[in-house]
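Go by the hints and put chain B onto chain A.
As a plain string of letters, each chain reads:
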Amino acid sequence: MSHQKSFQYADLLSVLERVVDIMSAPDQYSYPSVFIYGHRATGKSHVVLSIMKDLELPHASVDCVECVSSGLLFHQVLSAFFGPDAAALLPRCPSLSDFVRLYKQMSSNSPATQTRYIILDRAERMRDMDFSLLPALLRLQELVNDNVTVILLSEIVWEKFRPNTGCFEPLLFHFPDYSKGKSLVQILSWDHHPSYTPELYASYINILLGVFFSVCRDLRELRHLAVLNFSKFCEPLEKGEAKESDIHKLWKNIEPHLQRAMQTVYLREVSSVQWEQQQMDEKEATTLRVLSAHAHIELPYYSKFLLIAAYLASFNPARTDRRFFLKSHGKIRKTNFLKKHEKTSNHLLGPKPFPLDRLMAIFYSVVDSRVAPTASIFSQISSLVTLQLLSQVGHDDQLDSPKYKCSVSLDFILAISRCVCVCVRLLDLLALSLVIQSQVVRQERSLFTAVSNLHLL
Amino acid sequence: MANCLRLKINLCIVRFRGPQSATCCQRSCGHRKYAGQWREITGPAPVKMSKRRSAALTGAQGISLAQKLLRERLCHQKLPDQPVGLDSQYKHLLELLRRTAVHGESNSVLIVGPRGSGKTMLLGCVLRELMSLKEAQKNVLLVELNGLLQTDDKIALKEITRQLHLENVVGDKVFGSFAENLAFLLEALKKGDKSSSRPVLFVLDEFDLFAHHKNQTLLYNLLDVSQSAQTPVAVLGLTCRLDVLELLEKRVKSRFSHRQIHLFSSLSFAQYLDVVRAQLSLPPDFPDPKFSDEWNHSVTKLCEDKTVEEILRRNFNGSKDFRSLHSLLFLAVSRVSVSHSTLREADLIEAWRLISVDSKANVLHGLSILELCLIIAMKHLNDTYDGEPFNFQMVHNEFKKFIQRKSHSIHKFEKPVVMKAFEHLLQLELVRPVDSGVCKVQREYQLMRLMLEHGQVMEALQKYPQCPTDVKQWALSAFG
Numbered sequence: 001m002s003h004q005k006s007f008q009y010a011d012l013l014s015v016l017e018r019v020v021d022i023m024s025a026p027d028q029y030s031y032p033s034v035f036i037y038g039h040r041a042t043g044k045s046h047v048v049l050s051i052m053k054d055l056e057l058p059h060a061s062v063d064c065v066e067c068v069s070s071g072l073l074f075h076q077v078l079s080a081f082f083g084p085d086a087a088a089l090l091p092r093c094p095s096l097s098d099f100v101r102l103y104k105q106m107s108s109n110s111p112a113t114q115t116r117y118i119i120l121d122r123a124e125r126m127r128d129m130d131f132s133l134l135p136a137l138l139r140l141q142e143l144v145n146d147n148v149t150v151i152l153l154s155e156i157v158w159e160k161f162r163p164n165t166g167c168f169e170p171l172l173f174h175f176p177d178y179s180k181g182k183s184l185v186q187i188l189s190w191d192h193h194p195s196y197t198p199e200l201y202a203s204y205i206n207i208l209l210g211v212f213f214s215v216c217r218d219l220r221e222l223r224h225l226a227v228l229n230f231s232k233f234c235e236p237l238e239k240g241e242a243k244e245s246d247i248h249k250l251w252k253n254i255e256p257h258l259q260r261a262m263q264t265v266y267l268r269e270v271s272s273v274q275w276e277q278q279q280m281d282e283k284e285a286t287t288l289r290v291l292s293a294h295a296h297i298e299l300p301y302y303s304k305f306l307l308i309a310a311y312l313a314s315f316n317p318a319r320t321d322r323r324f325f326l327k328s329h330g331k332i333r334k335t336n337f338l339k340k341h342e343k344t345s346n347h348l349l350g351p352k353p354f355p356l357d358r359l360m361a362i363f364y365s366v367v368d369s370r371v372a373p374t375a376s377i378f379s380q381i382s383s384l385v386t387l388q389l390l391s392q393v394g395h396d397d398q399l400d401s402p403k404y405k406c407s408v409s410l411d412f413i414l415a416i417s418r419c420v421c422v423c424v425r426l427l428d429l430l431a432l433s434l435v436i437q438s439q440v441v442r443q444e445r446s447l448f449t450a451v452s453n454l455h456l457l
Numbered sequence: 001m002a003n004c005l006r007l008k009i010n011l012c013i014v015r016f017r018g019p020q021s022a023t024c025c026q027r028s029c030g031h032r033k034y035a036g037q038w039r040e041i042t043g044p045a046p047v048k049m050s051k052r053r054s055a056a057l058t059g060a061q062g063i064s065l066a067q068k069l070l071r072e073r074l075c076h077q078k079l080p081d082q083p084v085g086l087d088s089q090y091k092h093l094l095e096l097l098r099r100t101a102v103h104g105e106s107n108s109v110l111i112v113g114p115r116g117s118g119k120t121m122l123l124g125c126v127l128r129e130l131m132s133l134k135e136a137q138k139n140v141l142l143v144e145l146n147g148l149l150q151t152d153d154k155i156a157l158k159e160i161t162r163q164l165h166l167e168n169v170v171g172d173k174v175f176g177s178f179a180e181n182l183a184f185l186l187e188a189l190k191k192g193d194k195s196s197s198r199p200v201l202f203v204l205d206e207f208d209l210f211a212h213h214k215n216q217t218l219l220y221n222l223l224d225v226s227q228s229a230q231t232p233v234a235v236l237g238l239t240c241r242l243d244v245l246e247l248l249e250k251r252v253k254s255r256f257s258h259r260q261i262h263l264f265s266s267l268s269f270a271q272y273l274d275v276v277r278a279q280l281s282l283p284p285d286f287p288d289p290k291f292s293d294e295w296n297h298s299v300t301k302l303c304e305d306k307t308v309e310e311i312l313r314r315n316f317n318g319s320k321d322f323r324s325l326h327s328l329l330f331l332a333v334s335r336v337s338v339s340h341s342t343l344r345e346a347d348l349i350e351a352w353r354l355i356s357v358d359s360k361a362n363v364l365h366g367l368s369i370l371e372l373c374l375i376i377a378m379k380h381l382n383d384t385y386d387g388e389p390f391n392f393q394m395v396h397n398e399f400k401k402f403i404q405r406k407s408h409s410i411h412k413f414e415k416p417v418v419m420k421a422f423e424h425l426l427q428l429e430l431v432r433p434v435d436s437g438v439c440k441v442q443r444e445y446q447l448m449r450l451m452l453e454h455g456q457v458m459e460a461l462q463k464y465p466q467c468p469t470d471v472k473q474w475a476l477s478a479f480g
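Chains A and B are the protein sequences, given in the same order.
Per the UniProt record's numbering, the first sequence starts with residue 1, numbered consecutively.
Per the UniProt record's numbering, the second sequence starts with residue 1, numbered consecutively.
One chain only, chain A, in its complex shape (with noise of 0.2 Å):
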């Protein structure tokens, strides 16, 4: 990439500055630690192993994703600093104090003439790691007595990382992120296709952004939506539809793709591969195979009554059962219905574990053939589980009477009601447990209009 145009990185450049600044002095003594934060693709571990690779410094750089044990962090350090053979040294499991003392030994025998500088990537991961590294690493100048600087780079910021009773505090910098207007478009801009004019380019990036810009700010997801789209863009220009400066049109054909696209590729239900290929030939307009269970799944005929009645089982409380599954429950009596608080609506709180018993109950009244409680059916219940479409609760020793928990959504329930050839009472059913969990009932009344309208059907 050979662009000379300057950038509009105003903040960038002022914390650039500063770490620089720092950093300019490598003969002399720097801060112990500095710590670096920012949003994920802001720049941080490029801006910083530049500077290292331009001013020539000594620098170990580590991932700490990949240090699983703290060995393999000193391991690297002390071959990026002294050679192999130093690294060689380290025992078997190293502790940090066999790794102080090496590198004081090594120290001691070739000086620091100028600053090294040990660079920790996704610093978040040392948390997890020994009690003791975070802390002993941010005074390394201290402990080894070398001209030595540790620099962390993480997303999360630093007071979730202070040990409980304190630690040395590093210096601190933020990494701004990126303004839609100048930094962003320009940043998108440079992988243009060398077959088309920047400017169709630029105007195809603000198109992309007005669309997934108010959902995702990463500069990673938005380049790769960039790329995976640009052919579907260029499709009119190709056929010879439309021409370069008819960008109404050539929206007009590529926003429902991008509507799509974050349905799917951006939540990575499809890979790029099949998206790709989907778009090569797209005559009619098929639906994607996604990779969630919820389009495709094909159960058996009572597996689906079954599903339907443990969804309904989950959310509805026990003592409205009556009401909704006798077929005729005498007097409708006027009691305080809704006791609990709107906020503790089963819908917002999650499914509730029932018994066995509960749901053939209701597995019952909802099919609308007689069944025989035969061993398929039951099978079909454990099978339902395996699929994790429902979820055991309680001890696997329970087995007089094991306690189940619905885990599916009302969407996919739906899905699976609308193929089901089922009455309409079924249905209503379901519309009236929404009513009842969704609402705040306020008037009783309505309530009752609502149980009495189903009684007549």
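Careful: at least some of the hints might be erroneous.
[What the hints assert, rightly or not] One side of the interface only, derived from the structure: several residues of chain B facing chain A at Cβ under 10 Å:
#, residue
1, L148
2, Q150
3, I410
[What the hints assert, rightly or not] Far from chain B, some chain A residues (derived; all Cβ distances over 10 Å):
#, residue
4, S61
5, S132
6, E159
7, V185
8, E199
9, C216
10, D397
[Stated by the list, open to error] Stretch by stretch, here's where chain B covers chain A in the computed footprint (C-beta under 8 Å, at least three residues):
#, stretch
11, 72-79
12, 347-358
It is worth saying that the hints were derived from the structure and are not from the lab.
This one's a predicted model, so the numbers in the text were calculated from it and none came from an experiment.
By construction, the Cβ of each residue, glycine as well, lies at the ideal position given by its N, Cα and C atoms.
Leaving out everything else, chain B in the frame of chain A:
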């Protein structure tokens, strides 16, 4: 991008070292030559310095040397000639150690003080003076242990053996217990005539971490030796915890002499200002007296400036310790270069701004609109239900209410897209699950808490770039 970055870095270096250095910094031409120039100016050998003492230094050399001195003082925590404001503690500690080193009396003492109050500095000064005494110099052995490094008693014992240079004496001997091993080591330190043995000073940094070892074996044995009249041993603990004695077991606590030296800074603001001036001034033995006089004069004028005094007062009100002062001064001093050869008040203002910024507000600045709306929804839930934990379903519910009733600019997003935004907030640790271990609940129903305060959210909203007005109105409204 890399080219422009390099250009910017070069510009920054030019500021520091002067115009001729920029071309030298390219990798193609003589970087070696440039590196040689550095070494020449601030060479490690003091001999070169003395040759130039009489000659006046050029501007760049003077600045470079001033930077070196100040950085050693501020970053590397070089020991001052005399600790400030700690006279009685200094005398007490020196007397105690002198009795151990010269007269053979066993002692134990704890130095207690908050982080950055000068414990290590005080100990360093006392040890420096102690080692200048002739009798102490010959006899005394120093063992320095650190609770962060020696996390286990076995490791600590190996370290003691190593620091007393007794590896070959111990050899392959296997000892039954820690006490036997330690007794053997101390026995081996006896000098030729069996009557006297050399006094040993054990310095235990981060003393409270040693109290977490199994059975507190090391502490027990060290204090036991200091109580029994065998080898003259001084056990010095440094810790930041005021309640360190509560951590000790009964048998360990009884062997401890309960002597504590507390370091609480009792400086007034005027003394604090004097300390600042002293930290920034160059010493009288600086090679170029004219340069150091100018520098000290500018520092004095700076300290009398009103805005600078305001900044120092705010720092003083926050914490009186020297470590935070050093980080503030270092950020200002690092700006000094050839083109910018004195400390100005703008540097200090800039440094203060960097230190006192709220990091969570910076993080909130970079969130997308959807994520910001989720945070506002969580804030409303917190306000309505007095901080009770919520789950994703409740947040989504609030968000849907906003979309349906009040919003014009935000259009409806599918639930999985909202879930992805919520997971991003989880990853940034702005939202945390209440019980982090248990995952038996579905993701949407897991209870969470918001790690931001009402005030932080409102402040971030003011600074958020191009925030839609309906979102702002929603945040300000009391009823969600």
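Item to complete: Determine which of the earlier numbered hints do not hold for this structure and return their numbers in increasing order.
Response: 5, 6, 9, 11
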